[in-house]
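**Q** Order-wise, the sequence lines are chains A and B.
Numbering-wise, the working numbering puts 356 at position 72 of the first sequence, and it's gapless, one number per residue.
Numbering-wise, the working numbering puts 14 at position 1 of the second sequence, and it's gapless, one number per residue.
Hints are computed from structural coordinates only; laboratory data are not their basis.
Note that the structure is a prediction, hence the values are computed from the model and not measured.
Heads up, some of the hints might be wrong.
Result set (SDA-like, lysine to any residue): computed pairs, CA atoms no more than 20 Å apart in a straight line [said to hold, decoys possible]: (1) B:K172 to A:L328; (2) A:K344 to B:E51; (3) A:K562 to A:F580; (4) A:K344 to B:L156; (5) B:K172 to A:K344; (6) A:K340 to B:E23; (7) B:K150 to A:F295; (8) B:K165 to A:S305; (9) A:K344 to B:C20; (10) A:K325 to B:I173; (11) A:K344 to B:Q135; (12) A:K340 to B:N30; (13) B:K150 to A:E303; (14) B:K118 to A:E332; (15) A:K310 to B:R175; (16) A:K347 to B:I59; (17) B:K161 to A:I304; (18) A:K325 to B:G129; (19) A:K298 to B:K172.
Not the full set, but computed from the structure, chain B residues with beta-carbon under 7 Å of chain A [claimed, not checked]: (20) Y25; (21) Y29; (22) Y37; (23) N38; (24) F41; (25) K47; (26) M121; (27) K123; (28) V160; (29) E164; (30) K165; (31) M167; (32) V174.
Just so it is clear, CB atoms sit at the ideal spot from N, CA and C, and this is done for glycine as well.
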Amino acid sequence: MSFQKENKDPFLAKWLSDEISDNELKSLVSVKDFQAYEKIKKGLEFFETPTFEKDKLYQKISKSLLKKEKRVISLRWFSAAAAIVLIIFSSYFYYASLPTIAKTNFGEQKTIVLSDGSQAMLNSKSLLSFPKKWKNKRELTLNGEAFFKVKKGKTFRVNTSNGSVTVLGTQFNVNAQDNYFSVKCFEGKVMVIQNKDTIYLTKGKAYQNNNTKIEQWDFNNNKPSWLQGESNFKSAHLSIVIQSLENQFGIEIIENNIDTSQIFTGSFSYNDLNIALKSVFSPMNIDFTIENKKVFLLKK
Amino acid sequence: MNKHDVCKPEVYSSIYNAQANGLYNYLFYKFGDKQTAEDIVQESFIKLWNNCAKIIFDKAKAYLFSVASNMFIDVKRHDKVVLKYQNSKHGKLNIETPEFVIEEKEFMVKLQKTIGSLPDKQREVFLLNRIDKKTYKEIANMLNISVKAVEKRMHNALKIVRKDIGNI
Numbered sequence: 285m286s287f288q289k290e291n292k293d294p295f296l297a298k299w300l301s302d303e304i305s306d307n308e309l310k311s312l313v314s315v316k317d318f319q320a321y322e323k324i325k326k327g328l329e330f331f332e333t334p335t336f337e338k339d340k341l342y343q344k345i346s347k348s349l350l351k352k353e354k355r356v357i358s359l360r361w362f363s364a365a366a367a368i369v370l371i372i373f374s375s376y377f378y379y380a381s382l383p384t385i386a387k388t389n390f391g392e393q394k395t396i397v398l399s400d401g402s403q404a405m406l407n408s409k410s411l412l413s414f415p416k417k418w419k420n421k422r423e424l425t426l427n428g429e430a431f432f433k434v435k436k437g438k439t440f441r442v443n444t445s446n447g448s449v450t451v452l453g454t455q456f457n458v459n460a461q462d463n464y465f466s467v468k469c470f471e472g473k474v475m476v477i478q479n480k481d482t483i484y485l486t487k488g489k490a491y492q493n494n495n496t497k498i499e500q501w502d503f504n505n506n507k508p509s510w511l512q513g514e515s516n517f518k519s520a521h522l523s524i525v526i527q528s529l530e531n532q533f534g535i536e537i538i539e540n541n542i543d544t545s546q547i548f549t550g551s552f553s554y555n556d557l558n559i560a561l562k563s564v565f566s567p568m569n570i571d572f573t574i575e576n577k578k579v580f581l582l583k584k
Numbered sequence: 014m015n016k017h018d019v020c021k022p023e024v025y026s027s028i029y030n031a032q033a034n035g036l037y038n039y040l041f042y043k044f045g046d047k048q049t050a051e052d053i054v055q056e057s058f059i060k061l062w063n064n065c066a067k068i069i070f071d072k073a074k075a076y077l078f079s080v081a082s083n084m085f086i087d088v089k090r091h092d093k094v095v096l097k098y099q100n101s102k103h104g105k106l107n108i109e110t111p112e113f114v115i116e117e118k119e120f121m122v123k124l125q126k127t128i129g130s131l132p133d134k135q136r137e138v139f140l141l142n143r144i145d146k147k148t149y150k151e152i153a154n155m156l157n158i159s160v161k162a163v164e165k166r167m168h169n170a171l172k173i174v175r176k177d178i179g180n181i
């Protein structure tokens, strides 16, 4: 019997399970081996497993289950109840204290109706946060550009990192970028507080602080131009215009050696990137090339 | 209510009645130790109860055996030396020798010792078949191995026992 064959054919297993007969096994092994195998097989029949007290063990298991269950249940119920109460309370307070945040992405605009019925329209890449419920003052925080239609009522204030605008009931536009802050009043009267200055704006009056250069002027549209799909600038730094273009179209503008402190007055429309870029950069004598959402600027 | 819901006490106890002996024997063959086998049976059934909602009636047996063999692995890791010692305690197996004459006793003691020192995997299969009269297919299902693997273990086990016993 070769080793390999033995490995492949478990004939002893087959013999034990009566798949092959004694005679067949005899033909595979020596007489001596056959006698030994037979003796082992017989001898095994006299073995038994030691007695196992099944019922006793079951009682033991039941007892330990009962104990565990009691402990687990009482503790579970108590802690679950406590946890639920805690969750309800803390989530209520947490929820009530959390401000609501409205956010717009590149090229996106959103209108938000506030709890007092006032409206806020957000231009692209802007963030407005306000509490769920107002107590005395109506206060909001803005980063970016928004147009507000304020219902008459308690003091309404928009805080930005550059300054705040306070009104009673009116329509106004705020644009607060990094170094740029502008307010246009479309109806009623607003109070703009920036640093320590207080400026009052009535209908058709605009105010801007462009990198510490303060300007006030009159205008005669009755809605901010961006609501009609256009951004308007009056002697704004080119960097502000570039920022608005990027926000509106979701592009990246690579300035190269362009002087971004140049002043731009004009507008661009949101309909077409190419036209918008042309309307901003051709008057400034700047060439541009577009490559996958990237715009490279070049002096003419 | 499903009558095969393992979480129902009567279903649970029927599983115990049907499976406890087989599980105990299997563990005893693995360990060669009564107490350890009992402890693991107990632990396995407690685990079955704790997870009763997740286990289908038909899978309860397989669950018990796999839980039990996983626990065996844990114990074995700690008690490698103890296990060897336990193996040699197979002598506690009851022997009835009605037909065998006195001189046969020596053979039986030798046979026990040889079986006790078989590799674990061969021993459990060998004894499940020889003592519990489980078919190779049943063993294969129980241990989640192939019938071929069971046959191989049976074959090798008998070969080793024969070799160790020597001339008779």
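**Q** Tell me the hint numbers this structure goes against, listed in increasing order.
**A** Hint check: 4, 5, 11, 20, 27, 28 fail, others pass.
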